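Order-wise, the sequence lines are chains A and B. Quick note: the first sequence, position 80, residue 80 per my numbering, numbers continuous. Counting from 1 along the second sequence, just add 161 to a position and that's the residue number in my numbering.
Just so you know, these hints were derived from the structure itself, not from any lab. Certain hints may be false.
Derived CB-CB ranges, DEER-like [stated by the list, open to error]: (1) B:E260 to A:E85: 14 to 20 Å; (2) A:Q101 to B:E319: 55 to 61 Å; (3) B:E318 to A:E21: 56 to 62 Å; (4) B:E237 to A:A139: 33 to 39 Å; (5) A:G62 to B:E303: 23 to 29 Å; (6) B:E251 to A:A139: 27 to 33 Å.
If you're wondering where the values come from, they're calculated on a predicted model, not measured in any experiment. Beta carbons: idealized from backbone N, C-alpha and C, even for Gly.
Protein chains: 2
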Amino acid sequence: MASEQTKAVLSTPGEREILTERVFDAPRDRVWAAYTDRELIPRWWGLRGSETRIDQLELRPGGAWRFVQRNSDGSEAAFRGIYREVSPIERLAYTFEYEGQPGHVLIDTVEFEDLGEQTKLLVHSLFHTTEERDWMIEAGMERGLNEGYEQLDELLEELAG
Amino acid sequence: MASEQTKAVLSTPGEREILTERVFDAPRDRVWAAYTDRELIPRWWGLRGSETRIDQLELRPGGAWRFVQRNSDGSEAAFRGIYREVSPIERLAYTFEYEGQPGHVLIDTVEFEDLGEQTKLLVHSLFHTTEERDWMIEAGMERGLNEGYEQLDELLEELAG
Chain A
1 MASEQTKAVL STPGEREILT ERVFDAPRDR VWAAYTDREL IPRWWGLRGS
51 ETRIDQLELR PGGAWRFVQR NSDGSEAAFR GIYREVSPIE RLAYTFEYEG
101 QPGHVLIDTV EFEDLGEQTK LLVHSLFHTT EERDWMIEAG MERGLNEGYE
151 QLDELLEELA G
Chain B
162 MASEQTKAVL STPGEREILT ERVFDAPRDR VWAAYTDREL IPRWWGLRGS
212 ETRIDQLELR PGGAWRFVQR NSDGSEAAFR GIYREVSPIE RLAYTFEYEG
262 QPGHVLIDTV EFEDLGEQTK LLVHSLFHTT EERDWMIEAG MERGLNEGYE
312 QLDELLEELA G
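Next comes chain A alone, as it looks inside the complex (with noise of 0.2 Å):
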């Protein structure tokens, strides 16, 4: 189980903004691999006792993504965006739309900062509207997040074993 100060720190620097901060106890280049390889990423992006299968994993700028999360009770939540920018071990910038929600196209911006044996991961969020940024935290950002984030430091204690 995670302690309480492992949560992510989710702030609202602007009206259609959410900036998460959270930080791993692994090296850069480790976290970068895990965030963007099509053979780890299954392993720890989305709920607790959901499946994630890599539909689509172009890691380039222009490229597609798409990521379907096969719940528990089976029902599936498909995600997808475009690369915008691909800096390893630096920066990744891609837009995020949850298909349930078609047009609503949020621009998620994640800096890996080197923090020698640890990394902070920053996710700076830009929605179009306060409405859509509100919309996004109602419907469960945290948990998700964080049963996210719980089971990506189990993977990176498992890489550096």
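Given chain A, put chain B in place with the hints provided.
For chain B alone, kept in the frame of chain A given last:
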């Protein structure tokens, strides 16, 4: 030839917005039809000398649209998005993405203002960033818009006849 006063008026009311206004000599239901009908759109949409093919047109919230413009030199440019709001004959909102710039998504909200025998069309474009807004202006948005609107004038006149 269109006279000066029939050009669309562009303004930038916010740092990531474009507003265009244009009056058409046709009642609102006819302008709405020209804007949303699969048979009518290709008759005015896009640059002069180009041909527009409707690949998808699912006119409902969450439905997809995709138009392919074939230019006089044989090159093609495709545009796509998702309808967010469909309120006949008053308002239409959709995302807009040029496939040559994937991952750059704006929201257009089109208001059809009833002026009796005329209709004012207000198009509000909302971008994620100022850079994307400025790119659209520099890419020749105003020329494309005005050439399309002049062809729309001609179509509306024909439909009235």
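Taking the hints in turn, this is what the structure says about them:
1. B:E260 to A:E85: 14 to 20 Å: holds (18 Å)
2. A:Q101 to B:E319: 55 to 61 Å: violated (39 Å)
3. B:E318 to A:E21: 56 to 62 Å: Given range 56 to 62 Å: holds, Cβ gap about 59 Å.
4. B:E237 to A:A139: 33 to 39 Å: holds (37 Å)
5. A:G62 to B:E303: 23 to 29 Å: holds (26 Å)
6. B:E251 to A:A139: 27 to 33 Å: Between B:E251 and A:A139, where Cβ atoms are some 29 Å apart, the hint holds.
Violation of the numbered hints given earlier is confined to hint 2; every other hint is satisfied by the structure.
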